[in-house]
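Construct the entire structure; sequences and hints are all you get.
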Amino acid sequence: MGSEEMTTSVENVQEMVRKNPSSVPERFLIINNDDNPNISPVSSDVPVIDLSSVCDGNEDEIKKLDCACADWGFFQIINHGIAEEVLHGMKNTAAEFFKLPLEEKNKYPPKDIQGYGQAQSFLTSKEQKLDWEDVLMLFIYPLSYRKLDYWPTSPPELKDVIQTYSAEVHKDDDITALQIRRDDGWLPIKPIPNALVVNIGDVIEIWSNGKYRSIEHRAITNKYKARTSFASFLTPTPDVELEPLDQMVNPLNPQKLYKKIKYYDYVSGSLEKKLETKPLRKDAN
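Heads up: the sequence shown begins at 739 in the working numbering, then just goes up one per residue.
None of these hints come from the bench; they were simulated from the model. Hints may be right or wrong, so weigh each one.
Distance ranges between label pairs, derived from CB positions [to be verified]: (1) Gln-993 with Ala-964: 45 to 51 Å; (2) Ser-761 with Pro-926: 21 to 27 Å; (3) Glu-834 with Met-754: 44 to 50 Å; (4) Met-754 with Ile-816: 34 to 40 Å; (5) Val-987 with Asn-932: 37 to 43 Å.
The calculated lysine-lysine pairs, modelled on DSS-like cross-linking and capped at a C-alpha distance of 30 Å, are [claimed, not checked]: (6) Lys-864 with Lys-837; (7) Lys-849 with Lys-837; (8) Lys-867 with Lys-757; (9) Lys-928 with Lys-849; (10) Lys-829 with Lys-757; (11) Lys-849 with Lys-864; (12) Lys-997 with Lys-801; (13) Lys-849 with Lys-867; (14) Lys-994 with Lys-949; (15) Lys-867 with Lys-961.
It should be emphasised that the depicted structure is a prediction, and the values quoted were computed from it without experimental measurement. Ideal placement from N, C-alpha and C gives every residue a C-beta, glycine not left out.
Next comes the structure, spelled out in structure tokens:
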């Protein structure tokens, strides 16, 4: 699985756009096969959490966060403590990097997931559909995973601004491209300026025994404007065994709903199934 078995390279998306901005190769065309492909209007109902109030122990805001995790699996946070100049610095520095000549960016090819380009470790076949994106993926913590050889040296401030920014959160451009699955359809999300997007992942769903939802989400390409997304992931180490926490088993939910599985095996299985599966429930085949 992954890059060890793949001998073909994936062409750079920015380069394809430069050569022919009106054409998208078949491999990057993802057909919507939803039974309910409805797309709702942009919503203002998405929960907004004041992180400073949560940290101060405000019971109403903590309850609001609990409801957001359980009912939505997705929310935006404000008053998060990350300075506005850091957010803008991250955006501007990333823009500088992606504007570099291709030969400069190609000095940092994807290796062991980290690096620039399409992440070869996530390729499972030569026919696999791919996202219309170029990626710079770097590990921040733990320090033993941080391989500075993969970190670009241009622009010079990139390394510092990434380390300053690297909280476990997600930041989008002010472009409405992100959509979440909601009520058998797709709900577009309008990013709040300087807010951070948080979505509950599969690990939290398993640990919470299904109380908190891992939300299905996607990003839609904007044909008029490029979009940059800064995604930070917080994950267990590969050997951690995932299963519902004992304290999440109670009279209202008297049994563990998910099979025990090592995190590495779960991720590997998800990649083999093209990331289309949800956490392994005990009643799954």
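Notebook entry, point to check: Of the numbered hints stated previously, which ones are contradicted by the structure, given in increasing order?
Noted result: As far as the earlier hints go, 3 and 9 are violated by this structure, in ascending order.
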